[in-house]
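These protein sequence lines are chains D and B, in that order.
Numbered by my numbering, the letters in the first sequence go through residues 330 to 442 in order.
Numbered by my numbering, the letters in the second sequence go through residues 102 to 215 in order.
Worth flagging that the hints you see were computed from the coordinates, not collected in a lab.
The C-beta atom is built at its ideal place from N, Cα and C for all residues, glycine as well.
Possibly wrong hints are sitting among the right ones.
Said to hold, decoys possible - Part of the chain B face toward chain D, derived, beta carbon under 8 Å:
1. 116
2. 119
3. 187
4. 204
5. 209
6. 211
7. 213
Unchecked claim - Stretch by stretch, here's where chain D covers chain B in the computed footprint (C-beta under 8 Å, at least three residues):
8. 145 to 152
9. 170 to 179
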Amino acid sequence: GQQLNQSPQSMFIQEGEDVSMNCTSSSIFNTWLWYKQDPGEGPVLLIALYKAGELTSNGRLTAQFGITRKDSFLNISASIPSDVGIYFCAGQAGGTSYGKLTFGQGTILTVHP
Amino acid sequence: GAVVSQHPSRVICKSGTSVKIECRSLDFQATTMFWYRQFPKKSLMLMATSNEGSKATYEQGVEKDKFLINHASLTLSTLTVTSAHPEDSSFYICSAQGDGYGYTFGSGTRLTVV
């Protein structure tokens with residue numbers, strides 16, 4: 330089955346630093362999504378990417394849909410304490426898998442004030 | 102924006118009993134709902150996909166007789182964990198998808214079986 334490799338698994342940074350995480354896949358995805366999950370809550374959508382090469386920003390967040398359609402990255406600039414949480418990438422393949430998301434393993438982000 | 106409500110947020114039940122979890126799309130019609138299971142600090146594992154009015158499609162390894170899914174309307178899907186055992190303790194999350202609405206997740210249900 331499809332798998333997403335997300336890295337890094339965890340990050341410990343100082344407030345104000347920039348953060349970068351990425352996901353790679355062995356197969357092509359038609360849609361890439363980035364979510365943030367706080368403890369005890371469901372994931373919340375941060376950015377959705379629908380087109381290869383697309384670069385999209387949402388405030389301090391920037392994400393790109395890789396040109397090969399097999400990878401995506403998420404950058405967070407000038408991190409703040411409330412950025413703490415688990416970040417997941419997710420891909421949607423289309424075709425017979427339409428509607429199903431495949432999730433990366435998650436990146437646990439800790440921000441020290 | 103799209104809102105998905107999931108209840109209860111926490112439930113503790115005795116081993117051998119059944120528990121029902123509800124997932125409602127509040128402001129859109131969810132043609133498809135997905136149920137996930139998540140272990141601590143792990144990723145989301147898709148359990149099943151349900152389309153309104155149809156039988157759910159379960160992922161490999163998920164017992165359909167233990168995890169009963171009903172999607173009787175365009176705004177409600179339920180997951181019933183039957184004859185629950187301690188190993189069923191987990192965080193269960195639903196997500197809903199509808200025309201023009203992407204994947205919106207509920208807030209999750211923490212199930213503890215004692």
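With a cut-off of 8 Å on the beta carbons, see whether residue 213 of chain B makes it to chain D. Violated - the Cβ of residue 213 of chain B stays beyond 8 Å from chain D, reaching only about 13 Å at its closest.
Tell me if the interface restraint on residue 204 of chain B is satisfied: Cβ within less than 8 Å of some Cβ in chain D. Status holds, d = 6 Å.
Do the numbers back the hint for residue 211 of chain B, that is, is its least Cβ distance to chain D under 8 Å? holds (7 Å)
Are residue 119 of chain B and chain D close enough, Cβ to Cβ, to be under 8 Å, as the hint says? Violated: closest Cβ of chain D sits about 23 Å from residue 119 of chain B, beyond 8 Å.
Min Cβ distance, residue 187 of chain B to chain D: is it shorter than 8 Å? Violated. Min distance 20 Å.
Count the residues of the segment 145 to 152 of chain B whose Cβ falls closer than 8 Å to any Cβ of chain D, and tell me whether that reaches three. Satisfied; 3 residues make the cut.
Checking hints one by one. Is residue 209 of chain B an interface residue toward chain D, by the C-beta closer than 8 Å rule? holds (5 Å)
Please count how many residues of the segment 170 to 179 of chain B have a CB within 8 Å of a CB from chain D and say whether that reaches 3. That given contact is violated, which follows from only 0 residues of the segment 170 to 179 of chain B lying within Cβ reach (below 8 Å) of chain D.
Any CB of chain D closer than 8 Å to the CB of residue 116 of chain B? Violated: closest Cβ of chain D sits about 23 Å from residue 116 of chain B, beyond 8 Å.
Comparing the model with each numbered hint stated earlier shows that hints 1, 2, 3, 7, 9 do not hold.
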